[in-house]
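K.L.:
Quick mapping for you: the protein sequence lines, in order, are chains G and A.
First residue of the first sequence: 1, per the UniProt record's numbering; consecutive thereafter.
First residue of the second sequence: 1, per the UniProt record's numbering; consecutive thereafter.
I should point out that these hints are in silico values taken from the structure, not numbers from a laboratory.
Only a predicted model underlies this, so the values are computations on that prediction, with no experimental measurement involved.
With a cut-off of at most 25 Å between alpha-carbon atoms, the simulated BS3-like pairs for lysine-lysine come out as follows:
{"hint": "1", "chain 1": "G", "residue 1": "K272", "chain 2": "A", "residue 2": "K282"}
{"hint": "2", "chain 1": "G", "residue 1": "K232", "chain 2": "A", "residue 2": "K31"}
{"hint": "3", "chain 1": "A", "residue 1": "K232", "chain 2": "G", "residue 2": "K489"}
{"hint": "4", "chain 1": "G", "residue 1": "K31", "chain 2": "A", "residue 2": "K232"}
{"hint": "5", "chain 1": "A", "residue 1": "K272", "chain 2": "A", "residue 2": "K162"}
{"hint": "6", "chain 1": "G", "residue 1": "K485", "chain 2": "G", "residue 2": "K417"}
{"hint": "7", "chain 1": "A", "residue 1": "K282", "chain 2": "G", "residue 2": "K489"}
Derived CB-CB ranges, DEER-like:
{"hint": "8", "chain 1": "G", "residue 1": "S60", "chain 2": "A", "residue 2": "I68", "range": "28 to 36 Å"}
{"hint": "9", "chain 1": "G", "residue 1": "V199", "chain 2": "A", "residue 2": "E11", "range": "35 to 43 Å"}
{"hint": "10", "chain 1": "G", "residue 1": "I52", "chain 2": "A", "residue 2": "S444", "range": "56 to 64 Å"}
{"hint": "11", "chain 1": "G", "residue 1": "R431", "chain 2": "A", "residue 2": "V8", "range": "42 to 50 Å"}
{"hint": "12", "chain 1": "G", "residue 1": "I52", "chain 2": "A", "residue 2": "F114", "range": "54 to 62 Å"}
Not close to chain G: a few residues of chain A, all C-beta gaps over 12 Å, as computed:
{"hint": "13", "residue": "I52"}
{"hint": "14", "residue": "L133"}
{"hint": "15", "residue": "F200"}
{"hint": "16", "residue": "E276"}
Idealized CB from N, CA, C, for every residue including glycine.
Number of protein chains: 2
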Amino acid sequence: LDYQHVQVPFEITLWIMLASLAKIGFHLYNKLPSVVPESCLLIFVGLIMGGIIYGLNDKSPPVMDSDIFFLYLLPPIVLDAGYFMPSRPFFENIGTILLYAVVGTIWNVFGIGFSLYGICQVKAFRLQDVSLLHNLLFGSLIAAVDPVAVLAVFEEIHVNEKLHILVFGESLLNDAVTVVLYKLFRSFCEMPTIKTVDVFAGVGKFFVVGLGGVLVGLAFGMTAAFTTRFTKDIRVIEPLFVFLYSYLSYLTAEMFHLSGIVAIIACAMGMKRYVEANISLKSHTTVKYFMKMWSSVSDTLIFIFLGVSTIGENHEWNWPYICFTVIFCLVWRALGVLVLTFFVNRFHVNTITSKDQFIIAYGGLRGAICFSLVFLLPDFHRKKLFIAATTVVILFTVFVQGMTIRPLVDLLAVKRKRESAPTVGEQIHIRFLDHLLAGIEDISGHWGQYYWKDKLEYFNSKYLQKILLREYDQPKSSIVLLYEKLERKHAIELAEAGQLGHGLSHPSLLHSGFLCSNNDRTVITDKKLEDTLNPAVLDNIQEILARNLYRIRRTGPAYNRHTLPGETEPVEHAKEILILRHKSL
Amino acid sequence: LDYQHVQVPFEITLWIMLASLAKIGFHLYNKLPSVVPESCLLIFVGLIMGGIIYGLNDKSPPVMDSDIFFLYLLPPIVLDAGYFMPSRPFFENIGTILLYAVVGTIWNVFGIGFSLYGICQVKAFRLQDVSLLHNLLFGSLIAAVDPVAVLAVFEEIHVNEKLHILVFGESLLNDAVTVVLYKLFRSFCEMPTIKTVDVFAGVGKFFVVGLGGVLVGLAFGMTAAFTTRFTKDIRVIEPLFVFLYSYLSYLTAEMFHLSGIVAIIACAMGMKRYVEANISLKSHTTVKYFMKMWSSVSDTLIFIFLGVSTIGENHEWNWPYICFTVIFCLVWRALGVLVLTFFVNRFHVNTITSKDQFIIAYGGLRGAICFSLVFLLPDFHRKKLFIAATTVVILFTVFVQGMTIRPLVDLLAVKRKRESAPTVGEQIHIRFLDHLLAGIEDISGHWGQYYWKDKLEYFNSKYLQKILLREYDQPKSSIVLLYEKLERKHAIELAEAGQLGHGLSHPSLLHSGFLCSNNDRTVITDKKLEDTLNPAVLDNIQEILARNLYRIRRTGPAYNRHTLPGETEPVEHAKEILILRHKSL
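Pulled out of the complex, with its shape left as it was, chain G reads as follows:
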């Protein structure tokens, strides 16, 4: 037996296997995941595993290594989040998200830090040795809402899209703030004296870390898109580039002390459009599938490791400090959301209701990022207290808040996500409105989001597409692409229902095939659609719509991290309609 030789890959494989089998186990009992979020179940499995290891070895089980977490487990989850980010609601609410992520996080850090410092002044609690700086440092790591935990809970409760993107977007973008504040306070802790210059340098760093991350991400994203221009002859390695470039963007950002999370999101969102146009359909399926699979495994491993790492002897228990930490986390977040939303609502027509505000405040879950950061703290005599407090906050938010948020959403009757994705008709209307609003903004001289979107779209079609897309001489409008995608799906459904045969003899078919096969005449360029929408184009769209009105087609299905688009749809229902229709003919 030569275990030494294969130990590393063998143990990694076994951990992943355990995680995957645990996931299968939960899904075998359908009732369990509908009551308890998967993240809680996984932490529970981890706790049991940790207990077993502790019991057998009589020493603390291994703690999740911060390096492994930040270098290997976090990137797949963030990549998945960025790649499948619904870009429209994200950019529509970018202002609010940034406000929550930047101002909200700073508010929380200082709020929690100063109030815990206040608690430390109470002599009865015996905490006077914890300095203000240490409290602020602790505040900086405990304040940040965790994207992994938020995703795990929010994708199961199906709140409306805006509410989802507000909490989720905040949890992703606050990384830049957390990184800066954490590193700032950590270096302050080690400095003998703090000068005013250092504080200003810290403020300047916000922009460097955040914007630097965006730039690094976009640079890698564009390079990835450019590379996929040349992969026509070796389709099999296409998916690789998506993963390699996004991972490189993350690592490069981390190397320069920028925000890796922001970089990978910018990379994924930037390249998605061009890469998807360049790579083959099968490559695209593989990219999507593998991203989901990978992030799902990472996420499972993170929660199991969280559970395992909780067991052990590296905790120092202090009732007042730990209890007040939990209370302050809740109170300051609630206050922050209330105050910030007050300002946001003054400038928006589509306001955030008080129910939504409650869910935003209540959805501020903490997770593995806090946990990894607290272990990265330099050794000092109260580190074990901080570890204990962080663990309690994470377990409290994941278990108590995570398990009660679903009943609360039901109780408050929070607006849910619409069950069906927008129809083709709705999408065309939304497009029309966008153009209309862009025109109004242009005339009134207001540089609003529609104006910028229009300018970006122009820049994209004028320059970017020519450089990054392989087949630019035949650009297809997104409507035509959508139509082709629907037809392909429809064809597969027909074939699976056995309704497809050799007798496509209807005379209208040859005509209807015209739109796609005769590219020169009828293909609509994006540019044209945006500028003119001339009658011929409108006729074509009408023709497409008329031919497809027998059932309302569902296009982009609802966002869910564990399923791939196209799986959740009621295929059976559609088949039935089709068969009925054929009989009536």
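Assemble chain A onto chain G, guided by the hints.
P.N.:
Chain A only, in chain G's frame:
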């Protein structure tokens, strides 16, 4: 700048990126890969890289780590080879393959070992200190044909299927022999005296290592198939199990000193059938795509690293030893193939022609396995000579033989692989013949391959399928599955040609949809087809064939490791036929 922190993943990612970009580079110039095999180009890139590293650092570039090679680079390639192994030709020629792999390899090891020992006795060469055991040890590592090198060359020259499987199968299965002989001689080298018992133990080990590998592989394969029975609710992690279980089978086999290559091949071939029936279509695409991608990258990295590792100062040059090694490798292989084929041809009707024999002997390429094994040798004073000789043999076989084999195949007019895969009609005929032969063997009491195949099929449908398949109550005949697959593909083609519409009004369609939608009545079970092929079933098959005769459908496309099935086909041509057909209606 914090490079230390991200160094490991960053450098790994960069190497993979370099490999992928090199691949793209070659394919941009279409003429280059058609003359020089990709493996040569990659080694060349590696040599240049190694030269640069050597020039800049003034010390030998890092040598490919044997652990990295055996634990991380080799498994994806072997998994891909096993999963996409054409099982029919493999099992039809299993006897011949085993003969070449076991007896042929032993022949080569002892032939090369003893003749090199003879060379060492010549005083003028100053090699008298190389003992017989060391020469045999060297023979055991240099004799084995390398699957990675063979695949890289043979998939580009498209020889006929039998010839391909003979060389490729030998290169895979000789691993068991190589492992045993290499470890045996290595332990003999360290032993003071060798007893007769040890030699017999070595012979017994052959069976343990080979059959043990098969058993470990099959155990993991069956577990994988069983696990995928329960993944219906979480499709995204399905591909993971295919990779995890096969990797575990490899690692477990290595741990117990069995043949990892044999284990992973048995695992892949064993699980393929059941896993494919259990997992979703998209999961299957992902599995196939990712396997191809991964093996392609591994293979690229191996050849680049081979090139890089060649440069440096760990070589001891001795003209006679190195030249005679190359000559003996060629001569003993040629002799072995001649002698073994003589016996094989006496027992087979379908003989191996002398042209085929030449290509089998000439296709015995050496590669990274030899290279890794020579570095794993215990330190002794002539190790550098062995390294130099191994490097020369590898470079000679890959460059000289690899580059000349294509012109030789053309010159000799070796029978090529048929361009098109068998049609549905041919497949049905083959099936009929199989049943006929199984019957004849049964009656005549001869336990031939058809008899065993029939028994295995019976065991499979009676027990294995019930345990391993999720939806066993509705088994579908492979013909029906094939038909469904073809329909799906056809539908996509139609949709892409714009020929699919809402007017499927032909009256025959409702009838033709019958076969698949009305499972209870018409679905043919595998069992039924094998036993009776009753009239109703035959009618159905005839109906399917009649409906599809307007063009000869191509089903399983030709085997190629760099492309996925379905990509290479002339879609345009098919579209044209369809459009013409519609016009004529």
